[in-house]
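Residue numbers (my numbering), protein chains in the order written: chain A, 1307 to 1604; chain B, 14 to 409.
Hints were generated in silico from the structure; no laboratory data involved. Everything numeric in this text was worked out from a predicted model, so none of it was measured. By construction, the Cβ of each residue, glycine as well, lies at the ideal position given by its N, Cα and C atoms. Heads up, some of the hints might be wrong.
Unchecked claim - Estimated spans, in silico, between C-beta atoms of each pair: (1) Ala1596(A) with Arg357(B): 53 to 61 Å; (2) Ala1355(A) with Asp344(B): 55 to 63 Å; (3) Pro1589(A) with Lys267(B): 45 to 53 Å.
What the hints assert, rightly or not - In silico DSSO-like links for lysine-lysine, alpha-carbon gap of 27 Å or less: (4) Lys1600(A) with Lys1541(A); (5) Lys202(B) with Lys1416(A); (6) Lys1570(A) with Lys1458(A); (7) Lys1441(A) with Lys1537(A); (8) Lys1441(A) with Lys379(B); (9) Lys1423(A) with Lys1316(A); (10) Lys315(B) with Lys267(B); (11) Lys267(B) with Lys27(B); (12) Lys199(B) with Lys84(B); (13) Lys302(B) with Lys1581(A); (14) Lys27(B) with Lys315(B); (15) Lys1441(A) with Lys27(B); (16) Lys27(B) with Lys69(B); (17) Lys378(B) with Lys407(B); (18) Lys202(B) with Lys27(B); (19) Lys199(B) with Lys27(B); (20) Lys125(B) with Lys1458(A); (21) Lys1570(A) with Lys302(B); (22) Lys315(B) with Lys1570(A).
Here are the chains, one letter per residue:
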Amino acid sequence: MAILVTPESKILVQGITGSFGGRHAQLSLDYGTQLVAGVTPGKGGQMFAEKVPIFDTVEEAASQTGATVSVIFVPPPFAADAILEGVAAGLELVVAITEGIPVIDMMRVKSAMRGSKTRLIGPNCPGLVTPGTGKNSHGGCRIGIAPGYIHKKGNVGVVSRSGTLTYEAVWQLTSLGYGQSTCVGIGGDPINGTSHKDILEMFNNDPETEAIIMIGEIGGTGEEEAAEWAKANCKKPIAAFVAGATAPPGRRMGHAGAIVSGGKGTAAAKIEALKDAHIAISPTPAEMAATLIKHWKR
Amino acid sequence: MNIHEYQAKELMLKYGVATPPGQVASTAEEAEQIARTLQGAEIVVKAQIHAGGRGKGTFTDGFKGGVKIGKTPAEIREYAANMLNNTLVTAQTGAAGRLVKKVLVVEARDIKRELYFAIVMDRASSAPVIIASQRGGMDIEAVAHDNPEDLFHENVHPLLGLQDYQARRIAKLLGLEGKLLADGAKLFKNLYRCFIESDCSQVEINPLVVTSDDKVMALDAKFNFDDNALYRHPDIMAWRDTEEEDPREVEASKYSLNYIGLDGNIACLVNGAGLAMATMDIIQYAGGKPANFLDVGGGASKEQVTAAFKIILSDKNVKGILVNIFGGIMDCNIIATGIVEAARETGLSIPLVVRLEGNNVEVGKKTLAESGLALITGTDILDAAQKIVAEVKKFA
């Protein structure tokens, strides 16, 4: 089952002719993902990699190829518009990889999306992967920029704000022989489409997911909200790691959302809330998978 | 990004937010000239640095106070002469302090009431929220902690913006009545427009004052801008004062590296912001102290790695380096080659532990092993952190 996407999901890429978008579109094709269309205004009618048709608009791309999911690689000044175009085309899921979108743009996008049927993941995220059954998880659905080959099909759900920490967790799981149902990067921006709590709910409802790794970082209260929800509702074992315990207050640690201000959003407060929800805490980023397995198989 | 007080004043003026009349000066003579043009019995001179706590600060030559009140232009000239090209140390600057290159000369106002007003981009509601209090002029975080009931919050609709009735409600809650109610509401609306149109992440007016002649004005303002949006505000970007920033951070930004200096002695070089934070954490967990946050990004080039090494090594506290790379897509051998070249070019003489994992990792490890450099390999992040901590302790 997995969550959000399956190996059958049809994907379109907004910004497929850019170098970043093109490179990752090719990697998704190599992984065996059903990448069926590209969108670049003004380049409609051309082909990507000699097999993927490019359209001028998302609406055309979706209606002519049956794509229900879009992944966005367009530069920050045009990213908010690209998201709204995907929403207007009635897509089920829009995944915004773009880093550096102005917060006020995202504020407007999020408000405009209320009541629409589209779910947004990101922005400033690595995307998501539902591993396939082939060699090195080939044949799965890879949306975004994650390395596909580190995955393995299985029953652990992974959710994170950070890309490389997601890969780290996935790599640890795969190395220990544990596969993943779906791995989701929700992104490092202060205003994003999907929260930790949203993803936990989906994993909880997904019969294929048996246990969950949740990776948080300083800033905001998303981890606390997820912990509160999990305490009352989650039936599956969760292990968590929170990055940024040593980060100085008032400084933006790379991600726009990773900032401790006014005493809020500290790693200590998040870990406290997670512990209170009976979530196992990985003391270091090196032990995320081991912590989960210990908590799960006890 | 932050700006100076005099720049904030200029921005507020553009949006019709009242502030006391005044101008910025680079020399004592200019300060005196400005003082001559101002009205009022008293005039204030304020050192222009980004850090707060100026009033209680001390200059490195012993002169006390980065905010002074004088009565005559000659007095103002004297104060300005003491502050300019002098280094001011405050509770927020650190021991090194900041060089004062400009002073703001403004009319002092007879103040009846001090209030607090701020607009912040709120993550929880994904919209701006207004925070106001009748207890202005003091540390608002202390008020929030000790007397949270004295703070008012007003959520703003992300698309509609601040409505008139909301502006009036805040004015009323702040105890503004009669003509002041309308004046206050107008100031709030103007400031909100400034907040949105300038892509601010936070604007704080502390204090917002009511003068004895019944005027509402901003006595001091602190602006924070959304770095992601600066590309569409060249006028604001031009106000960036790199001398107020850590020179290593300025240098790093030239190479699209994300560096933040800390006070430990183990430097780290990592790909990805989350992993970089986690690497700092694990250094501490292993018993060491991180010297920096450094994210080289997803596609680090040889030039970037070399620049990163130079920046790390410019910190004289650094006694060891931990490189932690998870090269998912990025070729580990490119990183390994970059590390070897950077180590050679910088004549690296302190311990270096490298943990490399991911794409083409075997070739990368071979490059490191055959380099002839005295570097140590870590099997995973924890192993690498423990090794660098042990190495640094050896030489301590």
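For each hint, the structure was consulted:
Between Ala1596(A) and Arg357(B) the beta carbons are some 37 Å apart, a value that contradicts the proposed interval 53 to 61 Å. Restraint check, Ala1355(A) to Asp344(B): a C-beta distance of roughly 21 Å breaks the suggested window 55 to 63 Å. Taken as a hint, the range 45 to 53 Å is violated for the pair Pro1589(A) and Lys267(B), whose Cβ atoms sit roughly 37 Å apart. In summary, the hint linking Lys1600(A) to Lys1541(A) is supported, as the alpha carbons are separated by about 17 Å, within the 27 Å threshold.
Between the alpha carbons of Lys202(B) and Lys1416(A) the distance comes to roughly 23 Å, so the proposed pair stays at or under 27 Å and holds. Pair hint Lys1570(A) plus Lys1458(A) does not hold up; C-alpha atoms about 37 Å apart against a cutoff of 27 Å. The hinted pair formed by Lys1441(A) and Lys1537(A) fails the criterion: a straight-line CA distance of about 37 Å is larger than 27 Å. Taking the CA atoms of Lys1441(A) and Lys379(B), the gap is about 26 Å. The hint holds against a cut of 27 Å.
For the hint pairing Lys1423(A) with Lys1316(A), the CA-to-CA distance comes to about 17 Å; that is within 27 Å, so the pair holds. Between Lys315(B) and Lys267(B) the alpha-carbon distance is near 15 Å, which keeps this suggested pair within the 27 Å criterion. This hinted pair does not check out: Lys267(B) and Lys27(B) have alpha carbons roughly 31 Å apart, beyond 27 Å. Restraint check for Lys199(B) and Lys84(B): not satisfied, since their Cα atoms lie roughly 32 Å apart, outside the 27 Å limit.
Only pairs whose Cα atoms come within 27 Å are accepted, and Lys302(B) paired with Lys1581(A) is accepted, the gap being roughly 26 Å. Taken as a hint, the Lys27(B) and Lys315(B) pair is broken in the structure, with Cα atoms around 45 Å apart against an allowance of 27 Å. Restraint check for Lys1441(A) and Lys27(B): not satisfied, since their Cα atoms lie roughly 62 Å apart, outside the 27 Å limit. Distance check on the hinted pair: Lys27(B) and Lys69(B) sit about 30 Å apart at the alpha-carbon level, beyond 27 Å; violated.
In summary, the hint linking Lys378(B) to Lys407(B) is supported, as the alpha carbons are separated by about 25 Å, within the 27 Å threshold. The straight-line distance between the Cα atoms of Lys202(B) and Lys27(B) is roughly 13 Å, inside the 27 Å bound, and the hint therefore holds. For a cut-off of 27 Å, the pair hint linking Lys199(B) to Lys27(B) stands: about 14 Å separates their Cα positions. Of the supplied pair hints, the one linking Lys125(B) and Lys1458(A) is violated, its CA atoms being roughly 68 Å apart against a limit of 27 Å.
Restraint check: the Cα-Cα separation between Lys1570(A) and Lys302(B) comes to about 23 Å, which is no more than 27 Å; the hinted pair holds. For the hint pairing Lys315(B) with Lys1570(A), the CA-to-CA distance comes to about 38 Å; that exceeds 27 Å, so the pair is violated.
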